[in-house]
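Novice: Residue-level listing of the chains:
Number of protein chains: 2
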Amino acid sequence: MVRELALAAKAASGAMRLAASRQKDAGLICIAEEIERARPDILAANALDVANADRAGMPKVTQDRLRLDEKRVAAIVAAVRAVAALPDPVGGYDKSMKRPNGLLIGIKRVPLGLVGIIYESRPNVTADAAALCLKSGNAALLRGGKEAINTNIAVVRAIQAGLARAGLPPQAVCLVEDTSRESAAQMMGLTGIIDVLIPRGGAGLIRSVVENARVPVIETGTGNCHVYVDGDADLDMALEIVVNAKVSRPSVCNAAETVLVARSAAQAFLPRMKARLDEYSVELRGCPETAAILGESVVPATREDWETEYLDFILAVRVVDGLSQAAEHINRYGTRHSEAIVTTNVLTASRFTELVDAACVYVNASTRFTDGEEFGFGGEIGISTQKLHARGPMGCEHLTTVQYVIQGEGQVR
Amino acid sequence: MVRELALAAKAASGAMRLAASRQKDAGLICIAEEIERARPDILAANALDVANADRAGMPKVTQDRLRLDEKRVAAIVAAVRAVAALPDPVGGYDKSMKRPNGLLIGIKRVPLGLVGIIYESRPNVTADAAALCLKSGNAALLRGGKEAINTNIAVVRAIQAGLARAGLPPQAVCLVEDTSRESAAQMMGLTGIIDVLIPRGGAGLIRSVVENARVPVIETGTGNCHVYVDGDADLDMALEIVVNAKVSRPSVCNAAETVLVARSAAQAFLPRMKARLDEYSVELRGCPETAAILGESVVPATREDWETEYLDFILAVRVVDGLSQAAEHINRYGTRHSEAIVTTNVLTASRFTELVDAACVYVNASTRFTDGEEFGFGGEIGISTQKLHARGPMGCEHLTTVQYVIQGEGQVR
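So the protein sequences, as listed, match chains A and B. All you need for the numbering used here is the position in the first sequence, starting with 1, plus 2. All you need for the numbering used here is the position in the second sequence, starting with 1, plus 2.
Rather than coming from a laboratory, the hints here were simulated on the basis of the structure. Do not take every clue at face value.
One copy or two, it doesn't matter: identical chains are merged, so the pair holds either way.
Computed list of lysine to any residue pairs in SDA-like fashion (alpha-carbon distance at most 25 Å, straight line) [said to hold, decoys possible]: (1) K276 x R83; (2) K62 x G378; (3) K62 x Y335; (4) K73 x A163; (5) K110 x V348; (6) K97 x K110.
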């Protein structure tokens with residue numbers, strides 16, 4: 003069943019690959035209109051999902067991620083329109099090379115083909131992911147979580163209606179309605195059909211896909227991010243960055259989980275930091291030196307604290323000798339997501355970006371900027387924490403690959 | 003054991019990442035010198051491998067792939083020197099973007115980290131792969147076949163001596179001396195240690211790695227390649243291309259396995275093609291129309307013939323209606339490796355490159371050019387037949403990833 007659906011989507015990917023930019027954009031506009039038109043159906047389906055979730059005892063904060071309202075549907079529609087307005091990432095040539103034998107080798111940007119996405123409860127992912135896949139000339143096979151199944155069915159129905167109205171194959175976006183583990187496992191085994199599988203969600207889901215998939219996977223997600231306050235930092239700036247990175251939205255992957263402070267700045271910085279974080283009731287877990295400076299309200303940090311992505315109002319704090327020890331700590335415990343240094347010293351800044359192995363390295367800015375919108379990608383299919391294919395925020399240009407087009411005049415070898 | 007070796011290589015990858023271009027190049031020159039100096043030891047070890055292989059009944063043609071002589075060692079040394087002379091693929095910025103909030107986001111080219119390579123009998127892969135990995139600032143964990151184990155040990159000893167002499171960590175190139183299936187399986191499970199695993203060898207090896215690996219894999223290899231002779235082809239040119247693509251080196255992945263001929267050209271082309279291929283005793287397996295034109299020496303082709311990578315002096319032949327049917331055949335039976343059209347019609351040529359989904363699409367040239375050297379990459383770590391990360395021939399620039407370096411002045415979100 004999943005295989006048949008995937009084959010239908012794969013067949014539609016052939017038509018999407020050949021579709022002109024204008025037609026793909028018209029398709030996205032039709033999709034936006036159809037979602038708008040289907041708003042009552044989508045909201046009714048979503049109300050059913052939320053009621054079911056409530057009955058099943060889903061925590062209120064998670065229910066909020068699942069819930070749609072008029073404003074959120076409008077945001078989904080606006081996001082689809084924004085994707086339509088992006089430049090077409092495929093069809094052009096990245097570059098071309100003339101070889102000594104006269105062959106002209108062009109590197110053409112082309113779609114990946116069929117993109118599989120396995121995700122959890124947030125229903126906006128359905129339209130966002132579909133729009134980015136279509137814009138880049140791909141088809142999408144979506145498998146959302148069971149909590150959002152009625153919402154997802156309603157959204158995909160609108161998407162398919164939009165595709166059909168634009169003369170594009172409706173199967174270019176298919177939803178796996180079976181939300182069992184078995185259906186996810188089947189997707190992971192569709193070698194030769196699914197060109198890339200992207201898991202979006204909690205650490206458990208991502209680990210399961212990475213461990214079990216035989217199709218190519220892009221690992222997304224977990225962010226155990228650090229801010230290093232250097233001895234040469236502007237402490238006012240460091241304060242704003244630490245507070246922003248920790249408290250502006252603690253539940254997301256680009257929030258900071260540990261602050262490292264150079265010993266020479268610790269006495270001056272830590273009490274000010276504590277005072278500001280106390281306003282948000284942030285719990286501090288610190289090394290012995292931190293505790294010695296800040297007093298007994300600091301919980302002693304263990305190795306587990308250095309390794310944990312709290313996603314909560316908790317912050318680990320460690321005093322370090324300086325740059326080298328900070329980089330060592332980050333490379334040992336970090337998840338290679340987003341790492342920041344605050345310093346006024348240009349040599350220290352440059353050394354930090356060389357030593358630290360992470361997708362995004364910040365100098366004097368908050369880790370919270372790691373995001374497809376903030377990077378100017380006009381949307382985001384996920385944040386890659388692996389090194390293959392794409393690293394960091396992925397927009398529709400990362401849903402492409404290349405094709406070498408070689409023009410000759412009869413050359414043989 | 004494999005894990006400890008991988009951890010040592012991973013640690014060395016940190017030093018390679020930070021090494022300056024000049025130091026990496028000095029390391030490669032030292033390696034070339036040490037391999038040259040160790041030539042007697044390498045040849046003695048290779049003689050032992052060949053004798054063992056002969057005793058074990060290895061076919062002579064495979065023994066030839068395993069065998070080294072003075073000339074082949076000299077070629078290995080020259081290849082390492084050629085890699086040293088390439089531009090450094092890492093350290094520079096691909097581009098940078100200034101965002102509305104003042105953040106400067108630079109996309110820096112950086113090494114992948116630890117590259118694992120599982121390969122079979124050819125011992126030149128050992129030095130080639132090591133050189134490309136080092137040039138791009140990576141460490142390499144090599145696991146060759148058991149047939150070449152003594153040769154590989156001798157070559158890696160020379161490589162490590164070269165690294166040490168240049169002040170680089172010898173463990174930047176490690177050889178897994180255990181050539182059991184178990185050691186390969188262990189490599190496939192080293193999530194978080196091996197950044198990418200590249201299998202090089204026969205279809206069985208590659209399938210096994212793709213099916214079983216939990217670390218990111220780049221699939222290489224099998225090439226069921228086609229030449230389509232269009233109705234508007236220059237038939238003299240088509241003849242040279244078909245003969246070259248089939249017979250210049252039938253055992254390699256970029257050799258052609260099937261020729262598709264437009265019906266309007268079949269009567270004129272096929273008898274000439276047969277006459278030329280008869281000189282090389284190429285066996286033809288044809289569709290009924292081909293047989294009707296060429297007579298009973300043509301073996302009737304089955305579906306299996308369309309699907310087979312012969313790697314031999316055998317060619318499947320099919321008469322097609324024209325471009326659409328040719329593209330359909332290629333997309334159905336091909337392995338997305340290298341596909342060629344011979345035509346004088348620019349519209350047909352352009353349509354072919356759009357319809358055919360393959361890493362390399364040729365217009366009026368032989369498929370045999372799909373090769374890192376021919377593409378100007380100065381070497382080749384393999385030919386990717388997947389779409390993720392790299393597609394087609396992979397040189398040292400494909401052993402890199404990116405790191406976003408974001409410079410701010412205290413921006414928060």
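Novice: All hints, please: hold or fail.
Specialist: Do the hints match the structure? See the list:
1. K276 x R83: Neither way: K276 and R83 sit 43 Å apart in one copy and 57 Å across, limit 25 Å.
2. K62 x G378: neither (33 Å within a copy, 58 Å between copies)
3. K62 x Y335: neither (32 Å within a copy, 52 Å between copies)
4. K73 x A163: For K73 and A163, the Cα distance is within 25 Å only inside one copy (22 Å; across copies 66 Å).
5. K110 x V348: between (39 Å within a copy, 17 Å between copies)
6. K97 x K110: Both. Shortest intra-copy (8 Å) and inter-copy (19 Å) distances satisfy the 25 Å Cα cut-off.
Against the hints set out earlier in the document, violations occur for numbers 1, 2, 3.
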